[in-house]
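Student: Based on the sequences and whatever the hints tell you, model everything.
Protein sequence lines correspond, in order, to chains L and U. Those letters in the first sequence? Residues 284 to 437, by the working numbering. Those letters in the second sequence? Residues 284 to 437, by the working numbering.
I should point out that these hints are in silico values taken from the structure, not numbers from a laboratory. Treat the hints with care, since some could be wrong.
Copies of the same chain look alike in the list, so a pair counts if it works inside one copy or between any two.
[What the hints assert, rightly or not] Calculated cross-link-like contacts (lysine-lysine; reagent style BS3-like; alpha-carbon spacing at most 25 Å): (1) Lys294 / Lys375; (2) Lys294 / Lys356; (3) Lys375 / Lys356.
Protein chains: 2
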Amino acid sequence: MSKAETATGVKLGRLGDYVGFRLRRVQNQLSRDFVNATANRGLRSGLFSSLALISANPGISQAELSREIAMDKSVTVSLLDDLERRGWATRKRSTQDRRRHALYITPEGERELEEIFAVVSTTENAVLHQLSPAELMLLSELLDRMYAVCVREE
Amino acid sequence: MSKAETATGVKLGRLGDYVGFRLRRVQNQLSRDFVNATANRGLRSGLFSSLALISANPGISQAELSREIAMDKSVTVSLLDDLERRGWATRKRSTQDRRRHALYITPEGERELEEIFAVVSTTENAVLHQLSPAELMLLSELLDRMYAVCVREE
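Tutor: As structure tokens, this is what we get:
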């Protein structure tokens, strides 16, 4: 892989051996498209993912959320402050364990989430359509296997 | 894919249909490991990739570099200022086109790059070893195909 060359003739050199670089540039691009498309909402990185995970897992804890989005706990706290300020999610004291917060999405949050999902579909479309459905499944599986080991190591 | 569940039982919900989320969390994790391992050097995101690409492509232009790392031109300029300040790279006026800068790595930059590559190998190792060499090649190919369409669209 070390002799990889890009479509434009630029050589990746030894950087081509590191998957982190390849991940980052695809992700930078998707991120930029997403930020541009949602500029009117002023969504910080991680806000949309957090909202989507809270919606899919009513009552999820802060620690679980933090692990799933791979963000530091302090960043997660500040994302949750932001979500509460917008009225899109709420923290409730867990009935099982008073020290822990259970997170829930609000109806307003669900409406916003619906709209943001529609935007993401559009921005990811061109890129994802480069891969066949089978390749997409495979890509997701490979990424999830890589992520699983990150989580185990902590 | 929409019913994907993580190893820890957290549901991805509709987020599981978006490859951007999967890319981001693996990349966040690799990035965090990299930042921790190179904390003494205080490397900003993109600095290492830029240095490696300049090393592999002596005389590369600012615009080419910006496209390869998927960073805005203004960010690229500030990364190059940083690299020059550290004495790791230099800008020279192109002899063919006086308006454009040709970028070169310095011997000091090459020494630093060597050390940083050694650190990256260590931080990426645990994650990359989840995949077989064939799977790694495939992952790189899929990511590059996705990136190629991003570049074409600009």
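Student: Does each hint hold? Answer for all of them.
Tutor: Hints versus structure:
1. For the homomeric pair Lys294 and Lys375, the shortest alpha-carbon distance between copies (20 Å) is at most 25 Å, but the shortest distance inside one copy (52 Å) is not.
2. In this homomeric assembly, Lys294 and Lys356 come within 25 Å of each other (Cα to Cα) only across copies, at 20 Å, whereas the closest approach inside a single copy is 38 Å.
3. Only within a single protomer do Lys375 and Lys356 lie at most 25 Å apart by alpha-carbon distance; the minimum there is 18 Å, versus 44 Å between protomers.
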